[in-house]
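**Q** Sequence:
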Amino acid sequence: IPPQIGLLENLTSLDVSHNPDLRFFPDEMGRLSKIWDLPLEGLHLNLDFKHVGCKARDIIRFLQQRLKKAVPYNRMKLMIVGNTGSGKTTLLQQLMKCKRTELCSPKATVGIDVKDWIIQGKGKMKKELILNVWDFGGQEEFYSTHPHFMTQRALYLAVYDLSKGQAEVDAMKPWLFNIKARASTSPVILVGTHLDVSDEMQRKACMSKITRELLNKRGFPAIQDYHFVNATEESDSIIRLRKIIIKESLHFKIRDQPVVGQLIPDSYLELEKRILLERKNVPTEFPVIDQKRLLELVRENQLQLDENELPHAIHFLNESGVLLHFQDPALQLRDLYFVDPKWLCKIMAQILMVKVEGFSKYPKGIVKRSDVEKFLLKKNKFPKIYMSQYFKLLEKFQIALPLGEDQLLIPSSLSDHRPVIELPHCENSEIIVRLYEMPYFPMGFWSRLINRLLEVSPYMLSGRERALRPNRMYWRQGIYLNWSPEAYCLVESAVFDNNPDSFLKITAPSCRKGCILLGQVVDHIDSLMEEWFPGLLDIDVCGEGETLLKKWALYSFQDGEEHQKILLDDLLKKAEEGDLLVNPDQPRHTIPIAQIAPDLILADLPRNIMLNSDDLEFDEAPEFLLGDGGFGSVYRASYGGEEVAVKIFNKHTSLRLLRQELAVLCHLHHPSLVSLLAAAIRPRMLVMELALKGSLDRLLQQDNASLTRTLQHRIALHVADGLRYLHSAMIIYRDLKPHNVLLFTLYPNAAVIAKIADYGIAQYCCRMGIKTSEGTPGFRAPEVARGNVIYNQQADVYSFGLLLYDILTGGGRIMEGLKFPNEFDELAIQGKLPDPVKEYACAPWPEVENLIKKCLKENPQERPTSSQVYEILNSAELICLMRYVSIPSTSTAECMVAANQSCKKAGVWIGNGNTEKAQLSFVNLNTDGHTCEDIADSKILSLALVTLPTEKENWIVAGTQAGSLWAVNTEDEMRRHRLQKMSDSITCLYCNSLSKQSKQKNFFLVGTADGRLAVFEDRAVKCKGATPLKILTIGNVSTPLMCLNESSYLPEKNIIWGGCGTKIIALASDFSVQKLIETKTSQLFCHNAYSDANIISIAIDKSIYLAKKNSHFVEIWDKKTEKLSELIDCAHFLKDKVEKLNKESKHKLAYSGRVKTICLQKNTALWIGTGGGHILLLDLSTRRPVRLIDNFCDSVRVMITAQLGSLKSAVLVLGYCYKSDTEDKCHKELQSCVSVWDINLPHEVQNLKKHIEMRQELAEKMKNFSLD
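Going by my numbering, the sequence shown runs without a break in its numbering and finishes at 1495.
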């Protein structure tokens, strides 16, 4: 393979298999970063696949490293963990041979101490080895932080005090579990200290306990060795330990690749050097660099790190302990790099020093967020702008958790002792007890659980619609919630008959409310386990093949008897056989399963959803199968005489899956969520409403022709509405894709069209966010795909962006995704989807394309929330804006004219220019392309299109400020010439094409700034220097002829109207003035100032509508009486948009409300364009505003209606906007822009409003139903 292959950088698949003589790949293949398919069968390559990995990606990365200069890396982390007072710091000083002066009795380590231990190379070890030592403070307050600093590239020393006996070995277990969870392959060395003060018995007891309970036991990491030492002096045992540490470091491999001496690109090493230097330069109170500074470092030092490689380098240095960087999107910390890890640990520990003023006010363990802020600003000069990120970090590390708006819960400050609690019931039959047994409570388990239960407690009994707050008590390992003697719940840690395991015990009353509370608590604990502590759910291979976590129900057949316990799984088997648990010794004694474990048979859920099996007609025949998946199958059936969908769960599917789905379906009711009709436990099934039109996936793949624009919009709107509702209930959906969107009708004005279905992996998402990687490749957010980072509801918004893309493109990418699944996921994760218009030839839809871009932002904080997405979709503008084109031009456009049906291209001509030259641009609205012609003259002020039907030619006539009239042929722009020059600037042009059929002649009219009207025959455009048929003088220099227009009222089709100065004129067919109306006289005080201004825009149907220069009124005149019949005050309508008016803004409103142009939509609406960039739609019948549109330009210039090929009837708006990249408004660059609106916008506004009202009513009904 020639080295030049490296030039094919976009290669995704390269098949060179079965070439037995091919021995090596050239290093240049390292440039092929996009390859994901590289078959290797039948090759004899000189690559050590164990070392390299055999996936295409691994090989390419390896070659890439060889291509760059690769250097060995001799640094790794040594992490020292253990409980307080076990002598970790002393041991470390002894191992590192620190001088005696440094040994003065070490103070307790606060947080984490980080330093480098440099071991000189001898013998086999040629180079020096750097161990980056992390000495973890043993105080309990910091326990929850430590796991977050544990990484794979590390060796662990677990230290305990031998003299305290074998209880200390037990105390090591949580540390070992955490190492296993964070760094499963890392070697661990156990070290017992205080050898000098412990006796033989203690040593033996510890030794046997270690071999019996820790070595090679599942759930624990690989313990390589254990040592007993006296840490205060140099001895053989210390020398042996030192040797073993070096040996283990050198032998440690990850994926068969040695960690020490691993080859890395030298640019990583260079970056490390720069960062260590940077440590000295950053301010000590905030030793952090941001993304910008990092990029500067890379640039200044010319490091070979591009945007793809830099994250790898950072990840590597993070693993090696050089800096700390947190990828979790939910933390908003991705911009910061902590170059001094020790500082971060210290600053987080600071919160424990905050003394709360007014202690009595807050229970133990609660501080005010504002107190912490004051403390940090005063004592630590902590930058205020990063305060919210600081609290996010405390939350990530479980040091302080947000409670309400201004309170923080500090788990480590909670009381160790359970308060005295007298439960209202004490008889066995009056309470339900559930136990969770586990080898240990994982670090952070209780803090997360207490925090979550505090957060959800107001909604446990009443659902999300209204809050019912309980009385709450909580301590280090427990929480008691009490609403009433009939409604309470106690969750606490408990000890059982000398069993070393940890037990969590839940107690609730065995009445209806108690059942509900038990069900809720159990669901939350299960969800917490799945999200944060999945290790507990693994099967214990070494043991009896059970999970590490066991769940028990307690029961007794008679009050006063001892409680017996039964495994929940065994009880579940019994529940599948019948409703009673029978005493085998006395079969007459029974107890209803509903009484000891109501959640197993769904007895805690609303009674109205329990299945009435007599009403269900159901047959598991293949012809009724609607679909199947890993969980089970869905069939078409009938329930209570209605057609329904029945979801039957497989035998091996856990009850948890059914309950997880029910958690959403039972408690949340909304028009965008599939409704649950019934649920049953024997067999496990859900009965849901049937979507007659199947899934959106099916529609996209089989029938996307029926996807009209309105239907596309409604489906997106309904899904966004459902997502917004789920998010408001703190549910994250995690599997949004076309397959999970069900369609109930394709009629676009129906109240219910699309609903979200399948809540199998929806999870309750507390403020912190969640962690497990779920969702479907190709439809998930980058942070979900990355795995092991904390994410939140914003992940659903990314998936919504992909869904919207699929709706817009008719599912084009899904078809391709079936062929190339890896690439399908890769492109979606990178947000690098091809341009929908270019790639899939769908019609442009500017606002939807913008929304897709916003949703697919890599940084979740930059994405809109689901509520914002819904608001963006809930607008008629989004539906009706068909094109938006910015025109880069040095001067602003003044006028435009649209192509008509006889033109070959659909587009608009725009006139602009300055005193030296005129510019005529053409914008093609189908391709967004535009051409620009310079004409040696002055600014173009007006344009008209003259069509010559017999010659099949179209000409553009342009009138300039200097009074020239140019004629340009639309097909051949080189055919252009001037007609006779006019006496003053040309202020308006008008071409009447009244008589297309008849033999009559057509004319075009020219109005000038000195009040004259010139009449040309239409064919004159072809002749250079052509002269007008006649010139009429209507006004003078102070009363220019500014506008000409025809009436849309049929009986007066041949009358042409105009505005000359303040007069309205009507021209007969021979162009004589047949009517003159003077508009100066105004009785109204508010309008007085404007009535003398000249008319600049006019529109006519049965009435006359006109706008005057600088006025914010539209005047409506009656033709018969020739009187002003109504005034429309645009500034007044803008006022509703802009709240809190002061005098200054009143003046501003009058200024931004000044009318620039009006355009009439026959029998429907008057479109008004203002100088402030607003478009106001006025209903002609009520003369009230239908809609105010802004945000599309900063000032409107012209509006015209047009028939443009595929764009049918449209209103074109020409305006200009300030380019956003310049800060200063005075020097802002102006840019002209054309927006094309569907003329049905006024109807669409009404339709959408009705549609939303209809859905709101439905949502209210469902809400009330759920409260019943």
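Treat the hints as calculated values from the structure; they're not laboratory data. Since the model is a prediction, treat every value here as computed from it, not as a measurement. Errors might be hidden in some of the hints.
Stated by the list, open to error - DSS-like cross-link-like pairs, simulated, lysine-lysine; straight-line CA separation at most 27 Å:
(1) Lys407 / Lys507
(2) Lys778 / Lys878
(3) Lys1132 / Lys778
(4) Lys920 / Lys400
(5) Lys920 / Lys569
To be verified - Estimated spans, in silico, between C-beta atoms of each pair:
(6) Asn237 / Leu1045: 42 to 48 Å
(7) Met428 / Glu803: 50 to 56 Å
(8) Gln379 / Leu1045: 53 to 59 Å
(9) Pro538 / Ser1113: 32 to 38 Å
(10) Glu440 / Lys324: 29 to 35 Å
(11) Leu853 / Pro975: 43 to 49 Å
(12) Pro975 / Gln379: 28 to 34 Å
Backbone N, C-alpha and C fix where the C-beta goes; we use that ideal spot for every residue, glycine too.
**Q** Decide, hint by hint, whether the structure agrees.
**A** The hints, checked one at a time:
{"no.": "1", "hint": "Lys407 / Lys507", "verdict": "violated, 35 Å"}
{"no.": "2", "hint": "Lys778 / Lys878", "verdict": "holds, 20 Å"}
{"no.": "3", "hint": "Lys1132 / Lys778", "verdict": "violated, 73 Å"}
{"no.": "4", "hint": "Lys920 / Lys400", "verdict": "violated, 56 Å"}
{"no.": "5", "hint": "Lys920 / Lys569", "verdict": "violated, 59 Å"}
{"no.": "6", "hint": "Asn237 / Leu1045: 42 to 48 Å", "verdict": "violated, 21 Å"}
{"no.": "7", "hint": "Met428 / Glu803: 50 to 56 Å", "verdict": "holds, 52 Å"}
{"no.": "8", "hint": "Gln379 / Leu1045: 53 to 59 Å", "verdict": "violated, 35 Å"}
{"no.": "9", "hint": "Pro538 / Ser1113: 32 to 38 Å", "verdict": "holds, 34 Å"}
{"no.": "10", "hint": "Glu440 / Lys324: 29 to 35 Å", "verdict": "holds, 34 Å"}
{"no.": "11", "hint": "Leu853 / Pro975: 43 to 49 Å", "verdict": "violated, 25 Å"}
{"no.": "12", "hint": "Pro975 / Gln379: 28 to 34 Å", "verdict": "violated, 53 Å"}
The structure fails to meet hints 1, 3, 4, 5, 6, 8, 11 and 12 from the earlier list, while all remaining hints are met.
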